[in-house]
Structure formats: C-alpha cells, structure tokens
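Visitor: What follows is the residue order along each chain.
Number of protein chains: 4
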Amino acid sequence: MNNFGRMFRVSIFGESHGIQIGAVIDGCPAGIPLTEDDLKDDFARRRAGGRGTTPRVEPDLPKIVSGVFRGKTTGAPVTIVFENTNIQSDDYDNLWNHPRPGHADFTARQKYGGYNDPRGGGHFSGRITLGIVAAGVIAKKIIGPASVVATLIEAGGSKDIQSAVEEAIEAKDSIGGIIECCCTNIPVGLGEPFFDSAEALIAHMIFAVPATRGIEFGSGFRAAAMKGSEHNDPIIDKNGTTATNYASGINGGITNGNDIVFRVPIKPTSSIGLPQETYNFKEKSVSTLQIEGRHDVCIAIRIPVIIECATAIVLADLMLQEQQRSRVF
Amino acid sequence: MNNFGRMFRVSIFGESHGIQIGAVIDGCPAGIPLTEDDLKDDFARRRAGGRGTTPRVEPDLPKIVSGVFRGKTTGAPVTIVFENTNIQSDDYDNLWNHPRPGHADFTARQKYGGYNDPRGGGHFSGRITLGIVAAGVIAKKIIGPASVVATLIEAGGSKDIQSAVEEAIEAKDSIGGIIECCCTNIPVGLGEPFFDSAEALIAHMIFAVPATRGIEFGSGFRAAAMKGSEHNDPIIDKNGTTATNYASGINGGITNGNDIVFRVPIKPTSSIGLPQETYNFKEKSVSTLQIEGRHDVCIAIRIPVIIECATAIVLADLMLQEQQRSRVF
Amino acid sequence: MNNFGRMFRVSIFGESHGIQIGAVIDGCPAGIPLTEDDLKDDFARRRAGGRGTTPRVEPDLPKIVSGVFRGKTTGAPVTIVFENTNIQSDDYDNLWNHPRPGHADFTARQKYGGYNDPRGGGHFSGRITLGIVAAGVIAKKIIGPASVVATLIEAGGSKDIQSAVEEAIEAKDSIGGIIECCCTNIPVGLGEPFFDSAEALIAHMIFAVPATRGIEFGSGFRAAAMKGSEHNDPIIDKNGTTATNYASGINGGITNGNDIVFRVPIKPTSSIGLPQETYNFKEKSVSTLQIEGRHDVCIAIRIPVIIECATAIVLADLMLQEQQRSRVF
Amino acid sequence: MNNFGRMFRVSIFGESHGIQIGAVIDGCPAGIPLTEDDLKDDFARRRAGGRGTTPRVEPDLPKIVSGVFRGKTTGAPVTIVFENTNIQSDDYDNLWNHPRPGHADFTARQKYGGYNDPRGGGHFSGRITLGIVAAGVIAKKIIGPASVVATLIEAGGSKDIQSAVEEAIEAKDSIGGIIECCCTNIPVGLGEPFFDSAEALIAHMIFAVPATRGIEFGSGFRAAAMKGSEHNDPIIDKNGTTATNYASGINGGITNGNDIVFRVPIKPTSSIGLPQETYNFKEKSVSTLQIEGRHDVCIAIRIPVIIECATAIVLADLMLQEQQRSRVF
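Chains as they are written, first to last, in the working numbering: chain A, 124 to 452; chain B, 124 to 452; chain C, 124 to 452; chain D, 124 to 452.
Extracted from the complex, chain A is given alone in its bound form (with noise of 0.2 Å):
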C-alpha cells in the first residue's frame, strides 16, 4: 500500500538501486508555488553529510515532471522523481542466504515469495522517503500559517547528541534517539473521529517512516500514573487555550487549536560494523555475518525533516477535508 490520503493523497515508488524514485501527489490544489528550488533545503537536511552520518551523499536532486506550468501546481497531479546516481549491483545472493538482522531482507523474501529487489533494502530502502520528503515540502505550503518543526532531543540515552555519536563510532556500532515534533498554529477542528481522528492519522504516518519504534502524544506514557485532577487540560479563555497541554492539542480525535507535540523513538541503525551471529539460510545454521560498507552509526540524526514532512502531509490532508464544513444549510 504506497497510497496514502484521502484528498492530498500521496503514491511514492521506487528502490534503492532502481533507475528512479519519486512521488505522485494527487489531489494537490491548484495555484500553489511549486520549483525544483523549494524542495532543496528539506533535501539538505535529509542528506548524509556530518558525523554519524554515512559518507555515501548521493546528490538527490528532484525533477519535477508532471502537474507545474509556470511555477504553479495546476491541479493535475504533481510528479517528483529522483535519478539514482548508484546502483551499481551489490553481492546480493548474500543478503538472501544470510539475511541482516533487523532489517526486512528476510521478511521481504518471505512475503514476496523471493521476487523482490533485494540491492540496497529495494524498496524497503530508507530511500525512498524521499518521495515522502517531496511531498511533505508542498503539504507544508498547504497548511501554512500552521508550522511543524521536529528536533532530535536525544541520541544513545544522552542528550548530549555529538559525544554519544562519536563513543558510538569508536565502537563500531550504531544507536538510536528521540525525535520531538511541535506543530503550531493549528487550528481548531481538524481530524474526523473515529477513526481517522488526528493522532491516528498522524501515528499511522509516523510508523510508515523506517526505523521509528513508538509514538506519544502529550503525556504520553506518563499519563499512565497521572491523576485526572492533574491530566485534564484546563481551559483559560474564549479560543479554547489551555493552561497545560497534556492532550497534546488534541481532544477527541479533533485539534483543539493548542499545539500537537508528539515524541518519536527512533530504533539504532540495524547496519553496524560489528560482527553478528545469524541464521545462515545456505549453509542451514547460525554463522557470521560481517556487514561490508560504511553506513549511518545513527539514522535519527537525518529522519526530524522526514517526520516533519510525514505529519505535513497528515494535517493537509486534514485540513483539506476540513473545508467541506465551510457550507451553511
């Protein structure tokens, strides 16, 4: 299922080492500023480059080749693609008998009786968020004045992100972090209960980005041992302002105009330097797996612009249904 949405409906494709990646954006009103330029900073953002980082940086510039005429959407749909510059082939047979722990290289092999693209992850490749990226990019156009900005807030169990990079880099293995995500200036009304109410849809999103192990709202997982008497956001004025805000600016599915913040765990890279002990599917026993490359020691570091971007094209999504309400019988 690589449709998501109702009226902003986004269809992304591609894989890691195929010929091109890119997102189909459906739905898109017409009118919106659109150029190959707006997209670069959110790419900039999702690149590879710094510590912690893989050294592969793959340019990643989009084309846009369907649904612009004269740097305006026009309605039709909106098409994005990226050129993979490298796809040289991988050994693949390899990740088919000995498939990498925690990543999908043995359940894509069983789910697709062993015809799916395995170079790279194929299309399970962290990769192709990059269609996810592109349309987030004219999703935040969509909701403006609303805003999201995700931030990562911790890595490896410390908030001191560049110590625990470099400790991990040392040591040949990868860690993990949260990533903390605010949207602001929503406004009220948004999510349609019950079962698209907001978190959900947001949530839904959040878990089609790789590598994210959990979500919370507001509270979250310390509303368990709260007290209603604490828990309950009190309402201070005619806008629906709270004095806290441990919904999360939400109510019953629908945003109550406070901010969304929501928290995101992300899992460590499963690629790492060390070596591992895994079933080996040719020589029928567990055996030594040493992963060849240099990868990401901490993917949380590039995935705040793509959680950003996922929650952008939730809440357009959102508010673009919303505006049917706007008729007076």
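Be aware that one or more of the hints could be misleading.
It does not matter which identical chain is meant; a pair holds if it fits inside one copy or across any two.
Straight-line distance between alpha carbons at most 20 Å, and here's what the computed EDC-like set of lysine to aspartate or glutamate pairs gives [what the hints assert, rightly or not]:
id, residue 1, residue 2
1, Lys350, Glu415
2, Lys350, Asp283
3, Lys195, Glu159
4, Lys350, Glu293
5, Lys407, Asp360
6, Lys295, Glu353
7, Lys405, Asp360
It is worth saying that the hints were derived from the structure and are not from the lab.
Source: prediction; values computed, not measured.
Given the coordinates of chain A, work out where chains B, C and D should sit on it, guided by the hints.
Guide: For chains B, C and D alone, kept in the frame of chain A given last:
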C-alpha cells in the same frame, strides 16, 4: 471517518444517548459461524461492574440484524446493533457553556458548528467502542489460529492495580494505566509497505480508541538508548525465529512470525469528582466546574478487550489482503 | 463492497427477509435539517402500489437511529433503518436447486460458497435500495439549489406506458423501460479527472441499482453516427452556456454548468408468471420452473426515484470534494 | 482523482506537453514476468499512423523505472514512464480566450482557477491514457486465462469503416464510432455487490477514457423493449452456461462465467478542421474559431486497445479481491 479497512471494512455509528449504537462489517467472508452468544464474553469484559468502573451498568445485548443466515455469515454486510436503554436527557446545555476539560465538548462544538449531540459525549462517547468489540469478535475468528491478548499491566503508576484504584476512589480522582497486547501465531508476511505497515495500521486503530496516549512496539522508547548490536534480533532458525524480539515481530513493516508485542498508555478518566477550574463560555470567565454522577475511576480497566478487538480487526484485514499472493504466475 | 463515496460515504446493509435494512451515511455535514417525515415522499414514490407493481406493499417506515439531534444532522454518521415486517420464510431450498433465470441465485451461491441468504434474493433484493433512497434524500438537501429529476419515458418499447403495462399483465410476462434523468443548476467544476469524472461516478452508482443495463449521457449512442461539427456544443456566453448540449453538461469529466442528462435502460423484471425451462441442480437436468407469487410486471416504474437518489449521492460527494478548492494560496 | 483500484491500484500522471507521462501500479503481485518489450504490441495499437489518425506520431517508448527486478515484478510499485519528445509550446493563450467546443478548455480553467496546463489539453489529453495501457498490459497477465478483446464495429454510423473515414477526411470533419468489447474465460464470482458490481466498476473505468458517451451490457438499450420471457437467460448446465446471454455474463453484479460483452459509443473527435462559432472570452462575444494542426479524424480507431486495458485493470482488481474467499472457516 467512521469506516476502517480495505478488505475487512468496519463502519461504526451511534451516540451515547442515541437510539442505537452499532457496527456494519462489510467484506466479511462467508461461512463464519456467528451467533449473538459469541459476542457475550468480550462484551462482559468491556462492561462496567468491578471496583474502579462506573456503577452505571448497561446490559449491552447485541442483536445481529443482517449478514448472518442459519448461524453463519453470508458474505453480505454483518450489522450488529445495541439499543441504548438509558437515553434520558442530560442537562446538556451546561456542557455547551462550560465544556469539561479533557473531553471533546469544546472541539466537537467547534468542528460541527454547534450541531453535535452533546448528551453523554454523543458520538465521542466510549460507548461507541461497542461497535469495535462487535467487529473484533468476528475478526478474531478470521485470524485464528493467531490470537491477541491484552492485559492491564499497570495503573496509577503501580503494578498493584487494586490498591491504586482504591486510593483513587478515596481521592475522588481518576488514574491512568498501561495496557500490553501480545499477538501470537502470526503468519509471516502481513503488512503492506510503505504506508500500511503492520505497525502503522495497528497504531492507527489503537488511536481510534478513546483515552490512548501513545503506543510502542517491542523495544519502543527504550530503543532510543540501545545500541544496534543489542537491538538487532538474530535469526536462529529457518522459520525466522529470533533470539530476542525487540522488533516485536515486525521488520520493514512486515510480520516475521515472532510475537507482536506493544504497549499503550491510557490517560486517567477525564470525568472526576473533584471540582475543576475551567472556562465558562456563558459567563465569559474561568469558573468552577463540578461534574455530577458516578464515573469510571480507571477506564483503563475496561479497555484491554477493546485493544484486542481493534488489533484483531487490523490483522484480519491484513490477512485477507495477503491471500491475494497465493497465485502463481 | 457496500460502501460508496469519498467525503459523503454511504454504507448499506440488509436482506430482503432479514430483520433490518438500512444505510449509514458518514461524512454528512452538520446542521442539515432532517426528520423521518422528509423521507416520506421519496419512499412513497419507490413503494409499490399502482398497476404493474407488486400487490405486496410494505410500509417501509424509516427510523433515524443516529446522527440527528434536535432535528438536525450532527456531523456524526446518520443511520436510517427499516424493519422488515414481512420476513416469513420462503421455501428457499428450491432456489438452490433450481435457480431463477435473470436473478442472482446462481452467482450468489457460487460466490459465497452456498452461505448466502437466498430468501427473497437476500442481499441482492431490490429492497436494499431503500438505503440508497434514504441517503439520497439527504444528498438532495446538500446539493440544493441543484436538483435531479428522473422519469420513465418508455416501457415495453412504447411511450404509452399504461397500455404496455396492461398488455404485459395480460400475458403474465414482464417488460422493461427507459428512464431519463436530468440534473439542473449544476455548478461548474464538479468531477475529479481522470478516474472520478462526473460521468464515471454517476455510471458507477447507476449500475449499483439492480436491473440497469446501460447508461448514455447526452448524445450517447447517437454520438457514434454524428460528425464533430454537429456534436461540438458551441459556447454562447461567459457562463459557459452552450447552444446545444450533446455533452450533457460535462467536458473532460468536469461539469460545465449546463444540464446533465442521461438515460438508463431497465430490463424486464426477471420474475415472471410464465413457466421457464432452466437447469435444476438437484435433478441434474433442465426442467420447468414456475415462479409463484405476485411480482412487479414493470419494475422500471419504481426505479426513477432510486436513480434520482443515486445521482444525488454522487453529486453531493463531488460537491463536498470541490469545496476544498476555495482556498487561495 | 487519479488513482483507481482496491487491490490492484493504478495512479496516472502527466500532461500532453509535460516532461513525463506515466503510471504507478501498486498492489501488483510479485513474480509476473515483465519487460518493456511486453508493452510494445498494445502501444503499437494505440499509436497513431493509419488513415483517420493524426499524422503526428510519437514513439512512446515505455521505460520501467521501478518494481521490476531481473525481469519480474517484485511486489513493490511498478512505475512505467514515457518521455514526451514533442513538448514545444503551443500558443496556449488562445485556448484561454477562445476555448475549443467539446474540449475541457473551459471546464479545466474554471475548476482549477486558471492554473491548469492548457498546452495540448494538459492533463486532459488523450495521451494520458498511455498510463492506462501500461497498467492494462500487466493486468492482462494477471487475469489470464481470461482475456479481453475490443474492436471498432462501426464508425460514422456505418459498418464500412474505411469509407466513413475517407468521407470525413474529405469533409475536414470528424466522426464517432462504436466499440464492442468481449471478455472470455471469466471465472464465476467476480464483482462486489452492492456498489462494486462488475458492471459498475467496468463502467466507472470506461468513462475515465476520454470521448466515451455511454456503455451498455449485453441486451443494453434493447432490454427496455424486451419481455422477461425473452430476456431471462435459461441456465442449461451445471457450470452455469446460459442458452442466451442478454445478461452479458453478470447477474446481481457478479460474473456467472459466460462472456461479458459491452458496447461503448465514442464521440467524433472534438478538434476539427472546419471553422466553429463559439464564445471568445477576450472579445466578450461569439466569434469564429479555426483549430490549426492535423488531428485524428476518427479517434475511435485508436481507442479499442484502451478499452481492453481499462477493462483488464478492473478484472485484475476484482480477481485479486476475490481470492480472499478461498479460506475455509
């Protein structure tokens, strides 16, 4: 959006004080044995009754009104309804003027322009989950031999749930809790990447259950402080059994055959016996709100069966989608 | 698939001889005045009674069981149900062994592995269109001032419908007819190319109505023999009014503001008083089938209101989708 | 709405004079052999070239950019694109001021607030059906041994299609035609009542093909003048074979195993060489429009393969849905 599912499609309807609450289950395979008696056990678990639950107990007798013939599903939509026996009118005008903190009173009024049914929370009532339980009972039959079991593992921050509840009753306050859900005998291959990963759909559904504040799979938030060498689950046999299960039985969004385990924090019940200071729209200032009546002190006690049923609905839908793969080309 | 619609979503359920037939309408805007009385007229038109319709008349009293509060829709799902008063059991075993030609007896049995409810056609009965009419009455309110009017313009090949019916009664046979539907005051811009063009969605819905055999818009089948110079509708003013209307108010799948006009042929009722030679699965040979009871001689008489309601559902859905465009970027 | 399908999901994108036209096919089962060569035949049939078709011939070389690995589908989205070689800019300003009768120039401008791409009809161009043909080629492989064959049976009101075309060329006018489509070897049980009956989905898709004006199944419009005793197709053997096939292989929306036969009228090409009187928005009055360039005199000649592919897409989707039923409870 009161519909959920691609092949196994659940629609729910009703209000707390309306005439009928119910669910229509479309796409339900023909030939599943189903009687009203089959629903009895899960409804008993959901029903109030014990310490910490509301003293108002409704019989909630389900009535199958379509889709079943001679004790088996027919392939046509299965409709299960509940008559509301207690539909006396609240003094609902008060809710408009003085919306209860933590409830959907304010957001529903804003979203629906004041036309929402406010009595007992209307369509935002926990009673609407009757429909989820009804659909879930059928879903459980579809997914067998896979099974889903959810339990309350903590309340008010304590494993001694009984004591935590007694204390809250004493304090006229309410408490939250944590529910853990474990799915066993799951076949390999469920989940439809990218957007309909197994985690994404389960999370989507779980957030449709009122009072949920988060979800974490397997390692969850702890993953953020783990190293890849710890977190990666080594495969130890040809069936894909893993030595550890931090991945919670899911890699790349696809089930790997190991148990799916997740935890859900439940907030403390919003209705409490203590007075609360919150905005009064009629008086145009903050004033004291005293919620009358008797309420669940710990709604988390009644939610495990709903989490189970919600999860079973997702698994049933994924299983029915997955069966398309059986054909050889 | 008993759900239809993107923003205005209709789910229908029930069987000819089941306990309840009904519709759940989700995504219905809040604030629409709705009482059971509003449904009276269209149900009266659908009901049997005149010459050529079955002498078995059911009261079909609609009951609104959710989604309406103090006479107005609330934004929650509107559920409307009908109790079946006449649910006596047919000798349905006979239908299994000797399926009626023109009916779904054989196909339903095969598709659902013999578990379908065969009594009175079960879920394939024309009675299930009660749900379409119920949803259509609401849809008509949403689309106003646009309106939809369908009429029977021909029966049994004749414009003198009365005589055609009398002849068929005499012959113990049945006859078909042609219904013409005209939609006026349609705003410019409805329809979502490519796949959800206005024609595509209307046609989709019309074929959900039992007994329909085709549909043609505007010039329809005559277009095949026309020249472009005749068929092209010249625009004559700035509102897009056209001198002719062969396009039936739709260009490129999008409404152009002129009337939408389409015609639908209805087949002769499948149940007839004459004996028929058809396969008997019990006897394993062709044998004579005599259908008992009294039937509609010309079901086309009762279908115009269903066509109207089906069309209004599509237009309501398209209008609610279209309102998203109102925003300026 | 440029997506279609439940299990086999097709998204299309592109504009007549844009950079890329294409289709993303999601939900395509893994293991289907597919090369660019497989697409050759159907694209050759769609391409212009013969008498009555436009002299402008584009190569339309398909490029598979995702979802295929070592010659077989992988289970990930299959993306097929076409580079537009001829993207020179029309004098499109003229189309804004003087919209062509029969085209979407006026409606697209109104719906998209003037932001639509008008060059060559933009997203409303018949060229976008390249994506339907691409998806259809895959669909045909999925549905085998079932097959779909469409042929032009009449043009300009005549069975002598050649002569009709010559006359139209002579007259600088255009003509329509009728296409008949026959689906054979269809399994019993396809179609999802009520709303996704086999006819409903086929009709939906057919109206997504530009220039279609109607559809009739089997007896079609003739059914209106028939008697039940004629129209009912008697079953003559245990497989459900019928003596006649007025029902076109479908009862109650479900296939009965007999051939599905339907006919589709195609309107005369809207672009003609003759001058036309129509509204000029710049001049604010009706004035003469002369469409330059060379066009298809009878577009119906090129449409049969598109009808075939559109139909195969529907059948593939229904077959993949149907396979869920195989399980025994």
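Visitor: Does each hint hold? Answer for all of them.
Guide: Evaluated hints:
1. Taking the shortest Cα distances, Lys350 and Glu415 sit within 20 Å of each other only across copies (18 Å), while inside one copy they are farther apart (51 Å).
2. When the C-alpha separation of Lys350 and Asp283 is checked against a cutoff of 20 Å, the pair qualifies only between copies, where the shortest distance is 16 Å, while the shortest distance within a copy is 32 Å.
3. In this assembly of identical chains, Lys195 and Glu159 lie within 20 Å of each other by CA distance solely inside one copy; the values are 11 Å within and 33 Å between copies.
4. Taking CA atoms no more than 20 Å apart as the test, Lys350 paired with Glu293 passes between copies only; the shortest distance there is 13 Å, against 44 Å inside one copy.
5. In this homomeric assembly, Lys407 and Asp360 come within 20 Å of each other (Cα to Cα) only across copies, at 8 Å, whereas the closest approach inside a single copy is 67 Å.
6. In this assembly of identical chains, Lys295 and Glu353 lie within 20 Å of each other by CA distance solely across copies; the values are 13 Å between and 44 Å within a copy.
7. Within a single copy, Lys405 and Asp360 get their C-alpha atoms only as close as 67 Å, which misses the 20 Å cut-off; across copies the closest is 12 Å, which meets it.
Hint violations for this structure: none, all hints satisfied.
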